[in-house]
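Peer 1: What follows is each chain in one-letter form.
Number of protein chains: 2
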Amino acid sequence: MKDIIYHPIGIIHTPFKEPFSAPMQLSKAKDVEGRIEIFKEFLDGLKDLEGFSHIIILFHMHKIKDFSLLVKPELDNEIRGVFSTRSPRRPNPIGFSIASLVGIKGSTIHIKGVDMIDGTPLIDIKPYIPESDSLSNTEIGWLKRK
Amino acid sequence: MKDIIYHPIGIIHTPFKEPFSAPMQLSKAKDVEGRIEIFKEFLDGLKDLEGFSHIIILFHMHKIKDFSLLVKPELDNEIRGVFSTRSPRRPNPIGFSIASLVGIKGSTIHIKGVDMIDGTPLIDIKPYIPESDSLSNTEIGWLKRK
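Read top to bottom, the protein sequences are chains S and V. Its first residue numbered 1, the first sequence is counted upward by one per residue in this note's numbering. Its first residue numbered 1, the second sequence is counted upward by one per residue in this note's numbering.
For reference, chain S alone in the conformation it holds in the complex (with noise of 0.2 Å):
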């Protein structure tokens, strides 16, 4: 199949200057500040978006140089499936977050509850809407035995 190419819509700023430095996903500080650098030619696509308090974003984890189909997570001792964790060693190192939007100035987005490094490649913003993003009743698998 084809390849998929995307670029970079902006730069993600942090305090995390190393990939092991950052907050584990599950552990994620709440409270940690970050901006997002959004490139002039996008500026356009951010209107509206300060109404929602919190974000969607997708990243490219651009350390990231190999993966394992077979991972064992930080706070586990077993091996599990990439596709069950959110380790960044997949095959196609996107990441995900949800960070709380703090305001927006210009070309620049400062939030909070970010989790990956500084200097991170932005792939995508979409405003997380509870309606469809945030469900009950749910099960999670390997992880409820944490």
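The hints are simulated quantities; they were obtained by calculation from the structure and are not laboratory data. What you are looking at is a predicted structure, and each value in this text was computed from that prediction instead of being measured. Among the hints, a few may not be true.
The list makes no distinction among identical chains, and a pair is therefore deemed to hold if it is satisfied within one copy or across any two copies.
Cut-off 20 Å, straight-line C-alpha distance, at most; resulting in silico cross-link-like pairs (EDC-like, lysine to aspartate or glutamate) [unchecked claim]: (1) K2 x E139; (2) K65 x D3; (3) K144 x E50; (4) K112 x D76; (5) K2 x E74; (6) K17 x D76; (7) K65 x E37.
Given chain S's structure and the hints, the job is docking chain V onto it.
Peer 2: Here is chain V on its own, set in the frame of chain S:
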């Protein structure tokens, strides 16, 4: 900045044969069934996934050939910034859906609650983890007036 290159890891099959016959994000038919065919070489990555009731699906909206920074959502009369909507006409046409996981047989993942078109390339699967993904006390900007 450098292009980001991803490779499809499978194909998503749904009843929707045309781009505009798929249900809109906000009214997505929770009972529509579909299936994902994972390419054989990624099969080991599905280990342990079946214990989760819901999965996050990231996919490439391969029929989208251009984008617009300002769009008119189907349920709205005003022009909105594309990043404040779930419109597919985004700079990087990457789709995000949460589906119920019905079951896995070999390389076939049966899912429910699909809104993408038949033949959509799959980029990633992640487990839905309510601790980080299910938020309450959210604000939904322009959508709250609908």
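Peer 1: Any of the earlier hints contradicted here, and which numbers?
Peer 2: 1, 4, 5, 6, 7
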